[in-house]
Structure formats: structure tokens, C-alpha cells
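**Student:** If you want the building blocks of each chain, they are given just below.
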Amino acid sequence: MKNFIKEGFKPVDSLNDPDDGHQWSLMQKLLLGLSPKEYFQQLRRNPFNWFLFMIFAVGLPVIVYRYINGLGSVMHGSFDYPWGLFLGFGLFCMVPLSASGFLLGTTVELFGQKDYKPILNLALLNGLLGYFFAVVFLLVDLGMPWRLYYPMVISWGTAAVLFLVGWHVATYLTVQVLEVSESFFEWIGWPTAKNYIHKGTIGLTVAGIILSTLHQGALGTLLTYAPGKVHPLWYSAEFMWIFFLCSSIFAGLCMVIAVSTIVKKTMSWRCSGEFLDNLDSITIGLAKGASMALVTYLVIKIVGMTHDNLWAYLTTGWGTWYLLEIGLGVVLPIILFSFAIRNKSVGLIRFTAFLTIFGLLLNRLNTVLISFNWNLYQEWPPLLETIISVTIFFLFVTVYRFILYRLPILYAWQAVPAKELVSVPVPEQADPDPVQPEHQFAKVVTPS
Amino acid sequence: MSGISRRKFLKSTVVAGGSAAAAMSSTKSFAMKEFEGYPESMGVLVDLTRCIGCRTCEAACNKEHGLPEPELPFDDFSVFDQVFHEGKQKRRTTEKAYTVVNRYDTKAQGAPVYRKLQCFHCSEPACLTSCFVNAYTKTKEGAVIYNADVCVGCRMCMVACPFSMPAYTYDSALHPQIIKCNFCYDNRLTKGKPPACVEACPQEALTFGHRKTLVKTAHERIRSNPKKYVDHVYGEKEVGGTSWMYLSSVPFDQAGFNTTLQHHPILDNTKSFLGIVPMVLGIWPALFMGFHLLAKGGKGDKESKDKVEVHGE
Amino acid sequence: MKIRKIRIITGIILALFFISAPAFGVDDEPPTSVRIDSLSHLYEGVDFDHELHVDIEENCSVCHHHRFSSEVAADRCAACHSECGGTFSPTCSDCHVAEPFTGKHIRQMEEDPHRFHVDITGLKGAYHLKCLNCHIETGAPTECVDCHERTDAGNRFYSSGKYAPTGGKSGGSHE
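Sequences listed follow chains C, H and B, in order. The numbering of the first sequence is numbering that gives the first Met the number 0, which starts it at 0 and goes up by one. The numbering of the second sequence is numbering that gives the first Met the number 0, which starts it at 0 and goes up by one. The numbering of the third sequence is numbering that gives the first Met the number 0, which starts it at 0 and goes up by one.
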């Protein structure tokens with residue numbers, strides 16, 4: 000893709016071709032304005048695509064295999080470890096990493112911090128896809144995934160925390176689809192629908208805060224059903240929901256930093272000038288928020304430890320492991336963040352964001368899988384289960400990239416007035432005029 | 000009574016948001032009372048001092064429920080030597096066995112102790128209260144039964160069960176389900192008959208009766224034979240009480256019991272979270288709308304003011 | 000009034016009891032052999048060599064709560080039953096019922112508030128607890144089939160003998 004950009008190619012970023020004013024067809028939009036031949040040329044050229052191809056070539060058949068032969072064919076089929084990577088990683092890690100949507104939504108839409116506007120769409124999309132793929136993981140893990148709607152329609156287990164999680168994730172997913180649909184309607188060319196959705200932004204954002212507060216906390220509360228199975232160091236009946244909610248805040252923010260870093264490195268051609276120019280200052284701002292949440296998290300962790308008097312456990316092997324998690328995933332990031340923020344070292348912030356995400360993954364896996372049944376026996380997910388998890392994760396990456404390439408997430412949709420709506424799409428653009436890259440640096444159209 | 004209402008109360012906290020105030024007030028009135036279980040609940044008192052490890056209960060259960068043929072005959076006692084996961088686990092309930100007996104060679108006693116394992120049929124079952132499709136029912140007879148027709152297969156109940164009793168047919172692609180002891184509810188309990196294992200036990204190590212009565216019986220056995228028994232009825236208080244209770248001559252942890260279980264229902268652990276649900280649902284919208292109006296009002300209509308710092312997150 | 004009536008009735012019943020008592024106590028000699036088979040289903044009945052056991056243990060109260068025409072020996076029982084004059088039957092099945100856990104029996108036991116004996120084992124339990132505990136203590140045979148042969152129904156029940164799954168060894172012992 001970069002090569003095309005070098006040659007002066009400009010991907011679709013408005014309803015109409017700026018050259019002749021005709022409307023892009025859907026196919027042209029999907030191919031970014033390239034001809035099919037050119038599109039596949041760039042597809043082949045990118046080694047990452049080959050990497051993805053290899054993962055899917057192995058992983059997708061394994062997923063099919065799982066549906067034909069049952070869960071037992073890919074998981075341990077353990078009665079003591081009913082949950083494996085699908086939920087331990089797919090649900091418990093993806094959901095906090097997707098808290099970005101409601102965090103940035105709140106900051107921009109509710110608190111009016113317009114400085115974060117350029118990254119808002121990315122945060123919203125990150126939220127949507129994270130939740131969507133958490134549900135995909137769920138579809139793999141459930142014994143009978145075709146009954147996913149049962150708690151909504153057939154039978155209500157209303158006393159259960161999982162019931163709350165299910166409903167809230169479903170509702171929040173809808174909210175996020177609506178939030179992201181603004182970008183989609185822009186891209187597809189239905190401004191009326193876009194404006195209609197936009198009117199409800201505040202309502203959607205508030206709904207997002209409520210639902211997120213509740214189900215991020217509820218995920219933690221799920222573990223309070225298993226006292227004694229989760230190691231005391233990772234367990235607290237009173238604080239579990241606060242731990243999970245609070246850690247989702249820095250996880251969500253660090254995920255935005257991480258994704259924007261990758262985006263900046265790999266697809267800067269798709270980013271608007273506004274996005275690229277503001278990214279560093281935004282990153283510093285996000286890091287401030289994240290370090291605030293990290294400090295809060297560390298404090299309540301210590302309060303929780305004191306409350307349950309768990310200090311004696313620290314001297315055990317589990318204690319060492321626990322300290323490693325807190326040290327690498329919480330304390331070190333706090334130190335690095337504060338150092339980096341003071342010195343405005345964006346690179347260090349970015350590194351720390353990845354470190355924090357690693358810490359969060361470690362925390363969730365420790366709680367749900369590694370320290371689970373700590374006094375029974377340890378079990379590590381088998382190969383096929385790991386393959387499926389990796390496959391779905393890269394499916395997530397692929398879809399993420401697919402959307403970033405197309406929808407106006409990283410760039411602003413150009414409001415080129417349609418001079419004349421040409422209904423017949425131009426068959427082939429033989430030689431697109433080289434357009435100056437400066438052309439992209441248009442002012443963001445901020446609907447008030 | 001109070002238990003039913005309390006469970007209903009918790010339901011209302013999760014579902015309702017609008018009726019926050021009402022739900023909050025009902026917290027107070029029900030929090031005072033502890034759920035004592037259904038008054039007519041049946042139970043089984045397992046007296047480990049009587050069990051001889053003959054595995055007749057296992058056989059009876061297998062035949063009663065038409066379970067798959069065992070890998071080894073029920074009179075093959077080499078199964079007591081089976082250990083799994085580097086010796087960390089003895090036999091457990093599986094999708095082919097609702098109940099198993101294990102042998103524990105305790106140091107205190109010359110003779111080994113045998114323990115029968117099956118669903119404990121809790122008074123306030125964690126499987127039931129954690130299930131988001133209500134697949135479990137605690138019947139008035141005390142049985143905790145499972146309905147495969149609504150089960151989605153999330154296996155939350157397996158995570159929640161403090162005794163790790165439920166098994167799952169992982170190998171079924173189309174209709175996997177939870178497998179666990181159902182107290183012989185359909186075929187026997189509702190017909191005035193004891194569970195098959197109780198009826199089959201030659202030693203009457205299993206005593207069937209009203210749970211209330213069994214608690215008295217258990218304490219009476221301890222009282223009249225204090226040297227024989229450890230002074231504890233396992234299951235009387237554990238996780239809020241279970242329908243199956245145990246007496247033992249050796250400390251319970253030596254007979255493979257988890258002696259660290261809390262003495263109140265597992266459901267209580269979710270209370271501190273469920274308490275905030277009405278608050279968040281009720282207060283958040285107003286609170287954040289207020290913030291929004293403040294932020295908007297302070298800045299005026301134009302969003303041109305540039306501020307670099309961030310508030311909070 | 001009412002109390003007097005009850006006393007009279009009780010008196011009559013007691014009188015009847017004492018009159019009929021000799022009829023139970025005539026046969027004072029213990030039996031040489033007892034066939035215990037009222038519950039046999041999975042196992043054959045037991046031909047219990049009473050004489051042999053009398054030779055081993057002369058004290059009847061080790062096995063029986065009491066016997067014909069003798070005072071109740073155990074202190075615990077004597078507290079109430081010292082004056083019964085040995086009129087109760089020593090046969091296990093007279094007090095230990097075959098089906099102790101039917102809904103009907105449980106209700107019967109619980110509905111009588113004056114009942115002292117609430118934790119009475121059923122007949123099968125009574126037999127096995129009494130015999131087996133002693134066998135274990137004294138080193139007498141303790142495997143099931145040492146006392147009674149397994150029936151065909153029993154083999155089917157235990158998935159044993161000709162019903163054994165391939166590869167398994169049946170009729171194992173606890174040793």
C-alpha cells in the first residue's frame with residue numbers, strides 16, 4: 000500500500016471522486032479506489048498478509064473440527080477447569096481492553112474534551128471490535144452456541160451475575176454498533192442516517208458508561224462465585240468488581256495507545272494529518288489518565304490485601320508470582336509513565352502501554368486460569384485450544400485492519416459537494432491523477 | 000419463605016434499575032434474616048464411620064440412571080488406588096458417574112476411611128444462583144435438579160460449585176449437557192422412596208430423612224459417642240447448608256473435604272456488587288448528564304478553547 | 000377424668016401383656032442355625048451358624064439388645080426397659096424394619112413426639128453393622144461373598160462375573 004501512496008495514489012476518502020466528481024461505487028470503496036488487480040498486488044506484497052494466511056489456514060479448519068467433534072476435541076474437557084483460554088483470554092481479557100470506547104466517549108462527548116476528538120473514532124471501534132470478538136470467543140466456548148439468545152428470550156436466570164453480564168454486553172454491543180455506525184453511514188453515503196444517530200450521541204455515551212461500569216465490574220464478580228478456587232491473592236469478595244472496573248480503565252486507555260502506535264507505524268497513509276499531528280499530545284494525555292487509574296488500582300489492591308489480611312501469602316511461591324504481576328504490570332508502568340510524561344517521551348509511553356497491557360493479560364489469566372484451583376492441580380490449555388484462540392485473535396486483527404483501511408476512523412471523510420450524481424460507475428480508472436498528499440490535510444468537519 | 004423472597008429480591012436487583020429505591024429498601028428488610036432452606040427439605044446423613052467401601056452405592060446409581068457400563072466392575076477395588084494429575088486428585092464424579100467412593104488412608108486411624116461423593120444438594124446452591132438461564136431448580140424436597148433444555152453450556156455452574164461436582168459431556172457436539180446427581184428426584188424422591196444409593200447401602204452409612212431431623216440425628220450420634228466422631232457435621236453450615244451431610248471419625252480435611260468453605264451461601268459474595276447495580280442504574284444517568292451540561296456550559300458553544308491537560312482518565 | 004381413663008386402658012394393656020408373656024418365653028434355648036434371607040436379592044441368604052457364634056461369644060448382649068425371658072442388660076436400655084421381663088422378641092426384624100426410608104415410615108417416626116428411638120437402623124443396616132463391625136474387629140472374614148454368595152442379579156448389578164466389562168477383574172477384595 001505504501002508503494003501506491005509513494006506513487007501518488009490517494010485512497011478513497013469521500014463520496015465522490017475528487018477528479019471527476021462521480022460517486023464511488025461500493026466495490027471501488029471496498030478496494031480503496033484501486034483496481035482489483037492493483038488491490039491484490041498490494042495484498043500479495045505485504046508479508047503480514049502471508050502471516051495471517053498461514054494462521055487462518057491452520058486455525059480455521061481447527062475451528063470447524065471443534066464444531067464437528069465437540070468442545071472435548073479441542074479442550075482438556077476438564078471438570079475442574081470448565082473455562083479455558085476461550086473465556087480466560089477471549090472474554091476476560093478482550094472486554095477490559097475494549098473499555099476504550101466508553102472512556103474516550105465520556106471524555107469527548109460528555110466532558111467536552113475536544114482535544115481527543117481525533118482518536119475518538121479509533122477508541123470506539125476498538126471497543127466495538129473487542130466486544131464483538133469476545134462474543135465470537137463465547138460462540139466457540141459455549142456448549143450450544145446456537146442457544147446464545149436463550150438468556151434473552153427463553154429462560155431468565157435473573158439472580159445470576161452472568162445474566163447481567165450477558166445482557167449488558169449485548170446491549171453495550173448494540174450501543175457501540177450505533178456509535179461506530181456514524182462512520183459507516185458516512186462511508187456508505189447515507190448522511191440522513193448518520194445525522195439521525197448523531198442526535199443520540201449523548202444518550203448512547205451515557206448508556207455506555209452505565210453498561211460498562213456494571214459489566215466490567217460484573218466480570219470480576221463472576222469470580223466471587225468461586226471462593227477458594229481462585230487463589231486468595233487474586234480473590235476478594237468485596238473488591239473484585241472494583242479491581243476489574245479500575246483495571247479496565249487503564250487497560251482500555253493503554254489499548255488505544257498501543258493500537259494508535261501500530262496504526263502510526265503501519266498505516267500512516269490512512270491517517271489524517273490532524274490525527275498524526277495530535278497523536279503525540281493525545282498519547283501523553285491518555286498516559287496521564289492511565290497512570291491515574293494505575294495508581295488508584297494499586298491503592299485499592301493494597302487496601303484489599305489489608306482488608307483480607309493476605310500479607311502472609313506473599314512469602315509463598317504464589318506470592319512471588321503475584322508480586323511479579325503487580326511489579327511488571329502496575330508498579331513499573333506507574334514509574335515509567337510518570338517519567339515519560341515529565342520528559343514528554345512519547346516512545347517510552349508507548350512501550351509502557353504495551354507493558355501495561357501485558358500486565359493486564361497476566362492478571363486476568365492468573366485470576367481465571369493460572370491461580371484457579373491453586374490447591375488442586377494446574378492445567379495448561381492444550382495445543383488446539385491455543386490455536387483457536389490465536390486464530391480468533393488474528394481474525395480480530397484482520398477485521399480491525401479491514402475497517403481502519405476503509406471507514407473514516409483515522410481520517411475525516413471529505414465533504415466534497417456532489418456536483419452531479421453520476422449513477423453509472425466508471426468501469427476502470429486507467430490513470431488516476433497524482434494528487435498531492437497535502438490534499439488529505441483538510442479540516443475536520445465537526446458536527447456541533 | 001424468607002429464602003424465596005430473598006432470592007427474588009436479588010433477582011429484582013439485577014433486572015430492575017428503575018425501581019432502584021424500592022429494591023434498596025427491600026435490602027434492609029431481608030438482609031436481617033438468614034435463609035434456612037426449605038422446611039420440608041430431605042437430606043442424607045453420610046456416616047463415614049459406617050462406610051466399608053463396597054461401592055454398592057456406585058453400582059446402584061449406575062443402574063438406577065442407566066449410566067454407561069463402568070470401565071471396571073463395581074466390585075473391583077483397585078479403583079481406590081487410582082490417582083490423577085500427579086497424585087493430586089482421586090476419582091471424581093464424571094459424565095458417567097454421579098457418585099464415586101474414594102479411600103483415604105489416614106494417619107490417625109489404622110483402618111482407611113471411605114468417602115462417598117456426589118452433589119451435596121445445597122440449600123442455596125451456587126450452581127442455581129449463578130446460572131443465567133435458570134437451568135437449575137431447588138425442589139421443595141431438597142433436590143437440586145438440572146434442565147438440559149434451556150442450558151446454553153457456559154459451564155458457570157461448574158466454576159461456581161464449591162464441591163466441583165457437575166460434570167459435562169464435552170464430547171457431545173450437538174447436545175452437551177451437565178451431568179450430576181439429581182437425588183433420584185424423578186423416579187424416587189417424588190414417589191416417597193429414598194435415593195437408590197441410600198436404599199442399596201448395606202451398612203446404612205447413608206441415612207435418609209428430613210434435613211432438619213438429620214441435623215439432630217447427627218448431633219445425637221456425636222453426643223452419644225463423642226470419642227468416635229469428630230465434633231462437626233460437615234454440610235450443616237458449609238456454604239449455607241447442604242442437604243447431604245457427613246459425620247466422620249477423622250478430621251474432615253484428612254477425608255478429602257474442603258474445610259475452608261465459607262459458612263454462608265456463595266450467593267452472598269455477589270452482594271457487594273449487586274448492591275451498586277441500582278445505584279449505577281439510577282444515579283449515573285443524572286450524574287453524567289449533569290457533568291455534560293457543566294462541561295458544555297462552562298465552555299460556551301465554541302469548542303475552540305484548547306486545553307492540554309486531561310481530567311481523571 | 001381423661002387421665003384416669005388412660006390409666007385404666009394402660010393397665011389393661013399391661014395386664015394382657017404379662018399374661019401372654021410366657022408364650023414368648025417358653026423356648027429358652029438358642030437356635031443352632033438361623034436362615035437370614037428376608038432381603039436376599041443381590042446376594043443369597045445367609046445360613047447363620049448361631050451355635051458357632053454362641054461358642055465364640057457367650058455374652059448374648061454383644062449381638063442382641065436382649066433375649067427371651069431375661070432382663071435387659073445394657074444400662075442405656077435398662078433405664079426404661081428394666082421391668083419388661085424379657086418380653087420383647089430378640090428377632091432383629093421385629094424392630095428393624097426392612098424399608099426404613101420410605102416416606103411413610105419417615106413420617107411415622109417423626110409424627111410421634113414421644114418416640115425415644117429415632118435413629119434406628121433398618122434391617123439391612125442392623126445386620127451388616129452388627130456382623131461386619133465384629134468381623135472387622137476380630138479378624139473374621141469381611142468380604143461380601145465370605146458370608147453370602149452373589150446371585151446372578153447381583154453380578155449384573157455390580158457389572159461383575161459374566162457381566163464384567165472386558166479387561167476388568169471382578170470379585171476383587173479390599174486387600
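Treat each hint with caution, since some may be false.
As the list claims (entries may be wrong) - Capping the alpha-carbon separation at 25 Å, the derived lysine-lysine pairs in BS3-like fashion look like this:
| hint | chain 1 | residue 1 | chain 2 | residue 2 |
| --- | --- | --- | --- | --- |
| 1 | B | LYS161 | H | LYS215 |
| 2 | H | LYS215 | H | LYS226 |
| 3 | H | LYS190 | C | LYS116 |
| 4 | B | LYS161 | H | LYS192 |
| 5 | H | LYS211 | H | LYS139 |
| 6 | H | LYS270 | H | LYS295 |
| 7 | B | LYS129 | H | LYS227 |
| 8 | C | LYS113 | H | LYS62 |
| 9 | H | LYS192 | B | LYS103 |
| 10 | H | LYS215 | H | LYS227 |
| 11 | H | LYS62 | B | LYS161 |
To be verified - Which chain B residues face chain H? A few, computed with CB under 10 Å, are given here:
| hint | residue |
| --- | --- |
| 12 | ARG34 |
| 13 | GLY102 |
| 14 | ARG149 |
Rather than coming from a laboratory, the hints here were simulated on the basis of the structure. Computed from a prediction, not measured in an experiment: that's the story for all the values here. Where is the CB? At the ideal position from N, CA and C, for every residue including glycine.
**Student:** Does the structure keep LYS161(B) and LYS192(H) at a Cα separation of 25 Å or less?
**Tutor:** 31 Å, violated
**Student:** Holds or violated: is there a CB of chain H closer than 10 Å to the CB of ARG149(B)?
**Tutor:** Where the cut-off is 10 Å and the nearest Cβ of chain H is about 8 Å from ARG149(B), the hint holds.
**Student:** If you take the shortest Cβ to Cβ gap from GLY102(B) to chain H, is it below 10 Å?
**Tutor:** 3 Å, holds
**Student:** Does LYS215(H) pair with LYS226(H) here, judged by a C-alpha cut-off of 25 Å?
**Tutor:** Holds, at about 18 Å.
**Student:** Is the Cα-Cα distance between LYS62(H) and LYS161(B) 25 Å or less?
**Tutor:** Since the Cα atoms of LYS62(H) and LYS161(B) sit roughly 17 Å apart, the hinted pair holds (cutoff 25 Å).
**Student:** Keeping to a limit of 25 Å between CA atoms, is the pair of LYS161(B) and LYS215(H) held or broken?
**Tutor:** Roughly 44 Å between the alpha carbons, so the hint for LYS161(B) and LYS215(H) is violated.
**Student:** Would you mind confirming whether the straight-line C-alpha gap from LYS129(B) to LYS227(H) stays at or under 25 Å?
**Tutor:** Given pair LYS129(B), LYS227(H) holds - Cα atoms ~16 Å apart, limit 25 Å.
**Student:** Hey, does the ARG34(B) contact hint survive, CB to chain H under 10 Å?
**Tutor:** 18 Å, violated
**Student:** Hinted pair, alpha-carbon criterion (25 Å max): LYS270(H), LYS295(H). Please report holds or violated.
**Tutor:** Between LYS270(H) and LYS295(H) the Cα gap is close to 37 Å, so the pair fails against 25 Å, i.e. violated.
**Student:** Is the Cα-Cα distance between LYS192(H) and LYS103(B) 25 Å or less?
**Tutor:** 9 Å, holds
**Student:** For LYS211(H) and LYS139(H), compute the direct alpha-carbon distance and say whether it is at most 25 Å.
**Tutor:** Distance ~13 Å between LYS211(H) and LYS139(H) Cα, so the pair holds.
**Student:** Below or equal to 25 Å on CA atoms is what counts here, so check LYS190(H) against LYS116(C).
**Tutor:** The hint is violated at about 68 Å.
Checked against the numbered hints given earlier, this structure breaks hints 1, 3, 4, 6, 8 and 12; the rest are met.
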